[in-house]
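Undergrad: Let chain A serve as the given structure and place chain B on it in line with the hints.
Protein chains in written order, with our numbering: chain A, 304 to 978; chain B, 823 to 1351.
Hints listed in this document are in silico derivations from the structure and should not be mistaken for laboratory results.
One should not assume that every hint holds.
[Said to hold, decoys possible] Straight-line C-alpha distance at most 25 Å; calculated PhoX-like pairs for lysine-lysine: (1) B:K937 x A:K665; (2) B:K1104 x A:K940; (3) A:K710 x A:K759.
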Amino acid sequence: MLRWRHALLAATLPGAFFAGRAVFSGAPVKHDATAPVAVLGRASAAAMAASSDVAATVRWLEGASLAECEALLAGRSLDKLPVMLREALLLRLAEIDPATLARLIFELPGGGDGISTSRRWLGWLARQRPELLQARIDDPSVPIPQQEVLRELLAHVDSSALPTVEPVPVLEQWLAGGKDGGVYAAIAQLAKSDPELAIRYLSQILASGKSGIGDLSRLVPGLVVANPAAMQALLPSVRTPELRNAIASTLAKVLVRDDPTLAMALYDSLPPSRARSMVAIEIAAGWAQRDPAAALEWVQAKLPDGAAKQAALQLVLMPIAESDPRKVISLLAAGNSGMESMGMQGYQFGRTFPGRTAVLEKAAMALLEEAPQEGMQMLHDLSPPNQSSMADSTLLISKAAGTWLAKDPEAAMGWLLSLPAQEYGFLSVVGPFQEALRGMSPEAAARAAKMLGGLKDENFATNLTNFISASLAAADPAAAMSIADGLPDQLRTRWLVSAIRQQALADPAAASKEVQRLPEAWRPQAHGDIAGSMANSSPQAAMAYLAAVPPAEVNPNLYQQVLTPWAEESWNEVREWWQGLGPEDEVARAGALRVLAGKFYAEDPASAPDLIAGILAIQNQDTRIDSLVELLSEMAKRDPAAALALVDDPRMQVPSWRKDTVRGGVQEVINQAQQ
Amino acid sequence: MKKEIIIVAGSLVLAFLAGGLSSGSRDSRSPAAAPQIPAKATVRSEPEKRQRAASAPESWATLRRHAGMKQQALLDEWMATGSGGLDCDWLGEHLLRTDPEAIFRELNANGLETKYLASTWCAWDPERALPLLMDGKPPFAIKRDSNSFTRSSPLYFGGIGRENPELGLKWMLERRGALARSQPGVFMGSEPFNQFLAGVAASHPEKVFGFFKQIADARAVPASHLATMLPSLAQSDPTKALAWAKQRYSTLPPGVAAGLAQGLAERDLDAAIQMVPEISDKNHVYNAASRIASRMARENGNLDESLAWIDANVPKNQSSLIKDTAMAAWIQGHPQDVLKRLASEPASSTSRFSDAATSFLQAKARSGKLPGLMENLSPEEATSLRPLLGEQGPQEEGESADAGIVKADAVLAQMKSAPEETEGLWDSLPEEKRTKLLNDLARNDNASRDPEQTLRFLSRSPERLAGSSAQFIWDRLIQVDPQAAGRLAASLPAASRKPELVARIVSTWSADDSVAAQAWQKEMSAAGQ
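So here's chain A without its partners, still in its complex pose (with noise of 0.2 Å):
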C-alpha cells in the first residue's frame, strides 16, 4: 500500500514541477503522450470556448490542433471571437494551416476591414502563400473592392520591410561584419517576439558603433513597457537624439503610472537637453490626473522657463480647470509664452497636450457659471501672448459672452455696452458668439430682443437682430414674429427677413404669410428664401409659388437656388417645366436663361435663335448679359465662330467694359475644346 503511495507521488511530482513551470513561465504547453505535462490531462476545446481564463485558452491555443482550433470557433465567424483568442488562434493556424488562416479572413465581412489585424494577416499570406491571395483575387464571384485590397498587397510583398527569415542569425550576421539589409526588420520583429532579447541586441548595436541600422525610436515603446530599467539603463549611451528622446520619454509614461517619484529620479538624473524636457512633459500628463496639486507644485519649483514648461503646466492646470477656475486663469494670464498645441510647437516634445486656450476655455466656461462678470473681466484682462493666440483669445473671449447674452441677456448686455464700442462691436462677427446666441431659450431671446432698440453699434445691434430672431424663430416662430412690432423700424426689417428665413426652413407656407409685412425692397429676397426652401421637397411648388408672387416682388434671380438644384437632379422636369411657360412667365424665362441657357443648347443646338431671342426680349441689361454668357459657355465648343460673332451682335448691348471679359471667356472655352 505504502509502496504504491510512493509510487503515486514519484511519478507525478515531475509532471507537476513541469506544469508549474509551463504555467508560470507561459512557455508552450507540449502534449504528446510523453510528455510530462500529459499527466494533466488536455482540456476539450469546448471547456476552453467556455472558459473565462483567457490566458488559460491562450496556452491551450499555443498546442492546438487544427480540429481543436475548429472546435473552439464552433462555426462562428472570426470576429466574434475575443480580439485575443482571436489572434491567438490566427498565429496557431499561421503555424499549422495557413489555408484555414485564409479562409477565415476571406470569410469575415467585407474582407475583414472588421478586425484589425486583418491586412497584417493577409499581408504574412501574401509573402508566404501568395497562391492563396491569387486564387481569391481570380474568382469573380468576389466583390472587387476585395479583389483590389489583395492585389495591392501582393504588389508590395516585395517592398515590404517585414524579414521572412528568422531574426537572430540575421542579427549575428550583421554584427559579425556582414551586409545584409534586413537588420532593421529582424530586430523590430525580434522586439515583437522576445523584447528581452531585442534589448540585449539593442545594447550590442549600440556597443558596437555600426550605423546604417535606421530609426530604432519606433521600437522603442515595446521595449520600455517589457523592461524599462533594462532600457534606463541603455539610455546614457544611447546619444542619437530620436532614439534617446523616445527612451526618456516613453520611461518617464511608464514609471510615473507606477511611482512617480522614480519618474522624478529619471528626470533629475538626465542632464539639461530635450529629452530631460520629454520627460517633463510625461510626468505632468501621467501625474496629473491622479495629483494635480503635486503635480504643479513640481513643475513650478523643478522646470525651469521656457515652452517645456508651459506645456506641462497645461498639463497639470487641465484637471482642475473647472475645479479651481481662477487659480487656472491666473496662472496661465502670467505665463507670457502661451502654447497652442497645434503644430510644430507642439510637434516638438513628441506628444499632444491641451493648448493654452483650450485649457483657459475649460476654465472660463466654469467660472461663468458661478461668476460670469468676474469670469468676462479676468479674459478680457488677459493680454494676447503673442500674434498667434490673439486670434484664439478673440475667439475664447466671444464664446463666453456669447454665452453669458444667451444665459443672462440683461446682465452681459450690460457689461458689454460699458466697454469702448471697438472691443465689443467686432463680437459679433465671430463664429462663436453666433453659435453660442443659435442655442438661446425663447425666453432669452424674447428679454434679449428687448434692449437691442438701446444698442448705439449700429453693426453690432443689426446682427445681433439677426441672431437672436433667427434663434427665436427657430424655436417659437409666433413669438419671433409679434416681437418685431416693438423694434425700431430699421431693426423690425432685419429682424423679420431674419425669422422668415428660419421658419422657411421648416414651413415655408407659413413664413410666405409673413412677407407683407416687409417693406416692398424687401420681399424679393424673402420670397427667394420661402422658394428655396420649398424646392427641397418639391421644385414644381417652388415655381408655382414664384409664379403667384406679384411682378413687382420678384426677379431673375430668385429662380437661380431652385434651378440649379432641380436641373442637376432632374433634368427631364426642369425641361417640361421651360416648355409649358407662357407668355406671362417673362421673370421665370428670364430667371430660366440665366442659368440654364447653355444646357438648353447642348441639349438641341437647333435652338439657338429662340434662346437668342429669349435673351434679347430680357430687359434688365445685367440678367441679359449674365444669361448670354451661360448661352456662349457651350456654342463656343460646337460653334466658336457663332458664339464669338454674338459677343459683337449689336442688339445684345454688352458694354463695351464687359466685351472683353466675355470674348475672353469664350476664347478660353474654344481653346480647351481644341486640346
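TA: The following block gives chain B in isolation, referenced to the frame of chain A:
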C-alpha cells in the same frame, strides 16, 4: 489514508510552485533576468511550423503576456506605447470592444484627440460605435478641430455599410441634418453616404443599387453629388447603374459619365472605354482613365496599347501620372516581360519606365527573386541588360545602398584617430563627392552619436559649415546637449554664419530652458559675437 492524500497533494502543490519559481517570470523587469544572447548564431531546432510563423505579425510571447494582464494594465500599456488613438493595433481593438468608455475617458483625460480612435472604432464595431458617437455624450463627445483643413468628421460609415447596411441607412437617414452639419466643406453631407455605399460594395455588391436608390429618392445628398457614388454603384451593378443614369439624364453630366466609367473599369473594361468619350469635360477624366489604363496594362499585357490609349483620351496635363500608374500595373502583372522589355529596347525606354522597372527589380533583388526572373532571358538579352542593371544597381543592391554610409563611417573613424588625415582626404575629394559626404554625414547614426566631433570637423571650413547638413547636425547637438552646442559655437572663429547659428541655438534651447539660453546669448553679445 487521508493524511497520505494530503501529503501527496501538498507535494504536488510544492512541486508545481517550484516549477514556477525555476522558470523565472517573463515579466521580470530586472535587466539581470533577461536571457543571454547565444554566443554565436545557431539555427534553433524548433518544429518547422513554428519557424514558418516566426515572421508572423503576432507572437506567442506578446499574446501570453497580454492575456495575463488586467484590463487597466492593458489600457496603461496602450497609452504608454504611444498608441494614443493614431496607430491602433489589436490591443486598441480589444480595449474598444471590451470597455470603450474607459479608453475614451483616458484619452480625454490626457487631452489627446479621440477622433481617429472614433473612426477606427466605427470601422471595427460599427453597430456599437455609431449610436454612441452620434449621440456624442461624454466621454464620446468628439471635440471639433478648429483647423478647417483637418475638420473631417470622426464618424465613418463604411463599417456599418459592410456589417449591417439596413440598420445603417436607417440611422443615417434619421440623422441626415446632423450628418450634413458634421461634414463641412464641399462634400456637404454626401461623404457619409459614399463611405456607406463603398462598405456595401465590399460585402454585398448586389445590394448597392437598392441602397443607392433609397439615398437618391430620399434626397439625402445634394443631387450634384450623386455622381460621387457612381463608382461604387457601377462597379457593383453596371447594368442598373447605366440604366439609372440614362433614365435620369438626357445627356450625361461629365461627373456622372466619369463616375460610371471609373466604376465600370474593373467590371466591364469595354463598357468603361466606351463611356470615356461621353465625359464631355475632360477635367473629370482622371480617376476613370487611371483605372481603365491600369487594367488594360495589367490584363492585356500590352503596355504600348495602354499608353497610346492614354495619349488619345486624356488631356496632356494629366497623362503623365496616369501613364505611371499604367506602367506600375503592367510591371506588377508581367514581371517576366519587364526584363525583356528593358533588354530589347533599353535605349527607347522612357526614363519613367526604367525608373519604375528599376525600383521594382531592386525590390525583387531584396527578396531574392531576381535570379528567378533572369532565368528566362536569352544569353543575348542578359548581356544587353548587364550595363543597365549594373549601372542602376539591382545586382549590387547591398553595395550601392551601403556605399555612402560606409564611407561616412570611415571618415568619422578617421576624425577620431587622425583628424589631420581627414583634412587631407577632404581636400582630395572632387566637389560632388564632398557634397555627398556632407549629406551622408548628416544622415549617419554615428555622426549623431558624436555630433561634437562631427561639428568640429565641419567647422574647420566655412564651406562645410554653411551646408544644410551642418544645420541638421547642429539641431541634433542642441537637443542632446545645448550647453555643449553653446560652447562649441562660442569657440568657432568669427564667420559670417555666426549670428544665424546663435539665433538657432537660442531658439531651440529656449524651448527647454529659456533662462539658460538667454544667459548664453548675453554672454555671446558681451564677447562681441
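Undergrad: Against the structure shown, which of the earlier numbered hints fail to hold, in ascending order?
TA: Going through the list in order, the structure violates no hint and respects every one.
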